[in-house]
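Visitor: So the chains spell out like this:
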Amino acid sequence: MEFKDYYKILGVEPKATAEEIKKAYKKLARRYHPDVSKEKDAEQKFKEMAEAYEVLKDDGKRHEYDQLKASGGMGGSGQFRPPPGWESATHYSAAPGEQKDFSDFFEAMFGRKGGFHRPQGAGDQMRMDGEDVHGELALLLEELHQGCEQTVQIQVPQADEYGLVTHQIKKLRVKVPAGTAEGAVLRIKGQGGAAIGGGTAGDLLLKIKLAPHPLFTVDGKDVALVVPVLPWEAALGCKVTIPTLQHPTRVSIPPGSQTGQKLRLAGLGLPGTPKGDFHVIVKVVMPDLINEAAKALYQQLAEQEGHSPRPWEKQP
Amino acid sequence: MTTLFTVEQNGEELWWSLQELSNSSALQPEFIVQCVELGLVDASGVQTQWRFNSDGRFRLQKAWRLHRDLEVQVSALPLVLQLLDELGELRQEAAYLRKRLQHWEQSQG
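Top line first, the protein sequences correspond to chains A and B. The working numbering puts the first residue of the first sequence at 2, with every later residue one more than the last. The working numbering puts the first residue of the second sequence at 307, with every later residue one more than the last.
No false leads were mixed into what you were given.
Listed below are several chain B residues computed to face chain A (Cβ distance under 10 Å; list not exhaustive):
#1 Asn-359
#2 Ser-360
#3 Asp-361
#4 Arg-363
#5 Gln-367
#6 Lys-368
#7 Asp-375
#8 Leu-376
#9 Glu-377
#10 Val-386
#11 Gly-394
#12 Glu-395
#13 Arg-397
#14 Glu-399
#15 Leu-403
Bear in mind the hints are in silico, worked out from the structure with no lab data behind them. No experiment lies behind these values; they were computed from the predicted model shown. Even for Gly, the Cβ is constructed at its ideal location relative to N, Cα and C.
Assemble the whole structure, with the sequences as input and the hints as a guide.
Guide: Now the structure itself:
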């Protein structure tokens, strides 16, 4: 196995004080903690630094590690092998349920990684059910409405016959049924943590989240879409084709429409009993560019109309 | 070839009492009580009636890891989790908008 330079992992000198080690660990932990970081390989880096800190924060373990390091710590093949007769005086043991996924190198130095112990007799089998694994799946509104297939990548814990826990990346293709609601929990049987000794494998539980949609907003079962219209379209009325959850639909914007005016398409919202509605919200917008000809037409309109939309101003 | 897994809707939400949650997740009851008092997870009634769903369990475990590994003070956990939630949503939105922009740029040739 490979010799691990814990000082290098934490970015400190071998003569670093306990305070310097703690400071370095905290700094790196903030950067790579899997609950916080989005950096690539954050989890792996965090594991390495947690292992390094576990050893270097403890005077006894650090002393033992330093001794090994000073002795070269290498076998003939360039690989690390503990010296013959090596036995740590500072065995590691974690609280139940708090097993950390430390490396083989750590194990060779300080013993088993967790609170589990090797079965004593040949027939003394350990039986353990796999853990349920929880995750989230963000889907677009259309995907929830119509159903979809998604590839999910999850990390599942796996314990060997000694109870040592490692994590494996699993890729699953799952079929999300049409009409699944936001917040629903989907269960995929047997795809959580693996069992040992004939136990039952855990399940994968995926909580459905609604991914932000660029066009639609959702309020309960109702869906809304803002439809921009040009001033003359609002004044004269127009027909526009809009996307809905089901299919493109042609709607009539009535003459004289105002910003904020709502048109209701009954039953075209989210499924349920009763079904949700689809709201078209009119938004009058100015074109980005107004050419000279258009300007002249507006000028003509201004002179003819003379009406002010502001109630505090004098009306003609 | 990738296997396609069909899912079943978890109609009945999973629930854990304070004791069950503590036993099955290595979270100390005192820590859970503190988190409930701080409003980090919802629980109503007296302690013996508290019920936590998978969402609450996930949140409490995350809070515990942040407290244990990063030494985040318990009193700061609700704020930290809220900020992390918002950060996650913003990252997701940014990724989605980037994707859309890419599509738009491609469609413009």
